[in-house]
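**Q** Below, each chain spelled out in residue letters.
Protein chains: 2
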Amino acid sequence: MKTPKISEAVVRRLPVYLRFLSELKANNVLTVSSQDLGLKLDLNPAQIRKDLAHFGEFGRKGIGYDVSYLIEKIRSILKIDRVINVALVGAGNLGRALSNYNAYLKDNMKIVAIFDAHSGKVGEVINNLSVQSMEELNATVNQRSIRIGIITVPASEAQVVADRFVDAGIEAILNFAPVIIKVPQGIRIHHADFTTDLLSLAYYIDDAEEQV
Amino acid sequence: MKTPKISEAVVRRLPVYLRFLSELKANNVLTVSSQDLGLKLDLNPAQIRKDLAHFGEFGRKGIGYDVSYLIEKIRSILKIDRVINVALVGAGNLGRALSNYNAYLKDNMKIVAIFDAHSGKVGEVINNLSVQSMEELNATVNQRSIRIGIITVPASEAQVVADRFVDAGIEAILNFAPVIIKVPQGIRIHHADFTTDLLSLAYYIDDAEEQV
Numbered sequence: 001m002k003t004p005k006i007s008e009a010v011v012r013r014l015p016v017y018l019r020f021l022s023e024l025k026a027n028n029v030l031t032v033s034s035q036d037l038g039l040k041l042d043l044n045p046a047q048i049r050k051d052l053a054h055f056g057e058f059g060r061k062g063i064g065y066d067v068s069y070l071i072e073k074i075r076s077i078l079k080i081d082r083v084i085n086v087a088l089v090g091a092g093n094l095g096r097a098l099s100n101y102n103a104y105l106k107d108n109m110k111i112v113a114i115f116d117a118h119s120g121k122v123g124e125v126i127n128n129l130s131v132q133s134m135e136e137l138n139a140t141v142n143q144r145s146i147r148i149g150i151i152t153v154p155a156s157e158a159q160v161v162a163d164r165f166v167d168a169g170i171e172a173i174l175n176f177a178p179v180i181i182k183v184p185q186g187i188r189i190h191h192a193d194f195t196t197d198l199l200s201l202a203y204y205i206d207d208a209e210e211q212v
Numbered sequence: 001m002k003t004p005k006i007s008e009a010v011v012r013r014l015p016v017y018l019r020f021l022s023e024l025k026a027n028n029v030l031t032v033s034s035q036d037l038g039l040k041l042d043l044n045p046a047q048i049r050k051d052l053a054h055f056g057e058f059g060r061k062g063i064g065y066d067v068s069y070l071i072e073k074i075r076s077i078l079k080i081d082r083v084i085n086v087a088l089v090g091a092g093n094l095g096r097a098l099s100n101y102n103a104y105l106k107d108n109m110k111i112v113a114i115f116d117a118h119s120g121k122v123g124e125v126i127n128n129l130s131v132q133s134m135e136e137l138n139a140t141v142n143q144r145s146i147r148i149g150i151i152t153v154p155a156s157e158a159q160v161v162a163d164r165f166v167d168a169g170i171e172a173i174l175n176f177a178p179v180i181i182k183v184p185q186g187i188r189i190h191h192a193d194f195t196t197d198l199l200s201l202a203y204y205i206d207d208a209e210e211q212v
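Heads up: the protein sequence lines correspond to chains A and B, in order. Residues in the first sequence are numbered consecutively from 1, following full-length UniProt numbering. Residues in the second sequence are numbered consecutively from 1, following full-length UniProt numbering.
In case anyone wonders, no lab produced these hints; they're calculated from the structure. Take these hints with a grain of salt, some might be off.
Heads up, simulated DSSO-like pairs for lysine-lysine below, C-alpha to C-alpha not over 27 Å straight-line [what the hints assert, rightly or not]:
no.	chain 1	residue 1	chain 2	residue 2
1	A	K50	A	K25
2	A	K50	A	K73
3	B	K50	B	K40
4	A	K50	B	K50
5	A	K110	A	K50
6	A	K182	B	K25
7	B	K25	A	K40
8	B	K110	A	K40
9	B	K61	A	K50
10	B	K50	A	K61
11	B	K61	A	K40
12	B	K40	A	K182
13	B	K182	A	K25
14	B	K121	A	K121
15	B	K110	B	K79
16	B	K40	B	K25
17	B	K73	B	K50
18	B	K110	A	K73
19	A	K182	A	K79
20	B	K182	A	K40
21	A	K50	A	K61
22	A	K40	A	K79
23	A	K25	A	K79
24	A	K40	B	K79
25	A	K79	B	K40
26	A	K73	A	K61
27	B	K40	A	K50
My request is simple: use the sequences and hints to build the entire structure.
**A** Below, the structure is given as structure tokens:
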């Protein structure tokens, strides 16, 4: 496990930069200034220059960043310029739903295996993947060089699944169970939280008719 | 619809501030400086002071922000200090999965109605909610004062659902369908994207064994 050189907050902003840069590229925009990026993302330009300076000196004063070059650089930094195989444990509603997104996962990142601890689920076919038993986890992670694990089991089972992922050699985990999970140092865990999206939406609803 | 006074990017950062502040409060921390917030969120303190200054002068030089007061203030700004009813359209895997999160949705925000355009789904009970037909959408939104809509239908049906939500008087939409949706000005739409989480996780995987 390499030591991360940039902070988690910056890493989390990179896909956001990437999405906006990809939009620019799709619109044939060749260069972008830190001012323009700042306006779009409402970060001050100094913050953006600082974020991007972690990776070398991309920008050119008075011209800005080359959009295509910056996209390639961020893809390389995020390591999404290579194949990354993902496993998912929990063939319930959320697991099935996420595996549907496989077709939309760009950048060579794919869910290639689905596991479930309940024998009734094993053998079921979900989006062309046959649900495997947890006994097959270690061997499959090894054979398929799976690097990232997604947890979509109930909260009560999430820690056990995380332990199994760690044991199998998974390096990073995306946890959808609404519970805090502990992993050893060196293993990365992110908690997916759609409630944050809902909370920020509430800001935009109308005040007027709420006054009761 | 009121005119939003603060930018989308700031609104999106508020729930992140809120989560960290809630952790601090749970640990009996009474005050926090913009420096500490900055370190945790890897934003520069000036950015944080600027974000929070949108809502008045909370901070006191040398003492920092009162954690409880800041939490209440952000809750009030985000309007999550009141009841907000949410409707969901699409009783498929993702819709079922999200309605499971109801128990974890804090701050009085609840999914109170589920709809589906397919008659086979109507009447099914999901987490104590009986799936309703789309014909009942307008009346239910009205009766239950539903303000936010969640879309969990396939991409091909998402625009139609958004149009129905707008027609029913929904003010904000959280779209999980992997497709860009158009809504009239004054209606807020956020696109949920779990792929961003996955992309930022890729940064943390080990380089060494990838060199082939």
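**Q** Compare the structure with each hint and give your call.
**A** Against the structure, the hints:
1. A:K50 <-> A:K25: Within the cut-off at roughly 22 Å; holds.
2. A:K50 <-> A:K73: Holds - the C-alpha atoms of A:K73 and A:K50 are around 15 Å apart, at most 27 Å.
3. B:K50 <-> B:K40: With a Cα-Cα distance of about 17 Å, the restraint between B:K50 and B:K40 holds, given a limit of 27 Å.
4. A:K50 <-> B:K50: 17 Å, holds
5. A:K110 <-> A:K50: 31 Å, violated
6. A:K182 <-> B:K25: Holds - the C-alpha atoms of B:K25 and A:K182 are around 21 Å apart, at most 27 Å.
7. B:K25 <-> A:K40: Distance ~32 Å between B:K25 and A:K40 Cα, so the pair is violated.
8. B:K110 <-> A:K40: 31 Å, violated
9. B:K61 <-> A:K50: 26 Å, holds
10. B:K50 <-> A:K61: Between B:K50 and A:K61 the Cα gap is close to 26 Å, so the pair holds against 27 Å.
11. B:K61 <-> A:K40: 30 Å, violated
12. B:K40 <-> A:K182: 19 Å, holds
13. B:K182 <-> A:K25: 21 Å, holds
14. B:K121 <-> A:K121: Satisfied, since the Cα-Cα distance of roughly 22 Å is no more than 27 Å.
15. B:K110 <-> B:K79: 14 Å, holds
16. B:K40 <-> B:K25: 15 Å, holds
17. B:K73 <-> B:K50: 15 Å, holds
18. B:K110 <-> A:K73: 41 Å, violated
19. A:K182 <-> A:K79: 25 Å, holds
20. B:K182 <-> A:K40: It holds: about 19 Å lies between the C-alpha atoms, which stays within 27 Å.
21. A:K50 <-> A:K61: Satisfied, since the Cα-Cα distance of roughly 14 Å is no more than 27 Å.
22. A:K40 <-> A:K79: At roughly 25 Å apart (the allowed maximum being 27 Å), A:K79 and A:K40 satisfy the hint.
23. A:K25 <-> A:K79: 20 Å, holds
24. A:K40 <-> B:K79: 24 Å, holds
25. A:K79 <-> B:K40: 24 Å, holds
26. A:K73 <-> A:K61: Measuring from Cα to Cα gives roughly 18 Å; hence the hint holds.
27. B:K40 <-> A:K50: 16 Å, holds
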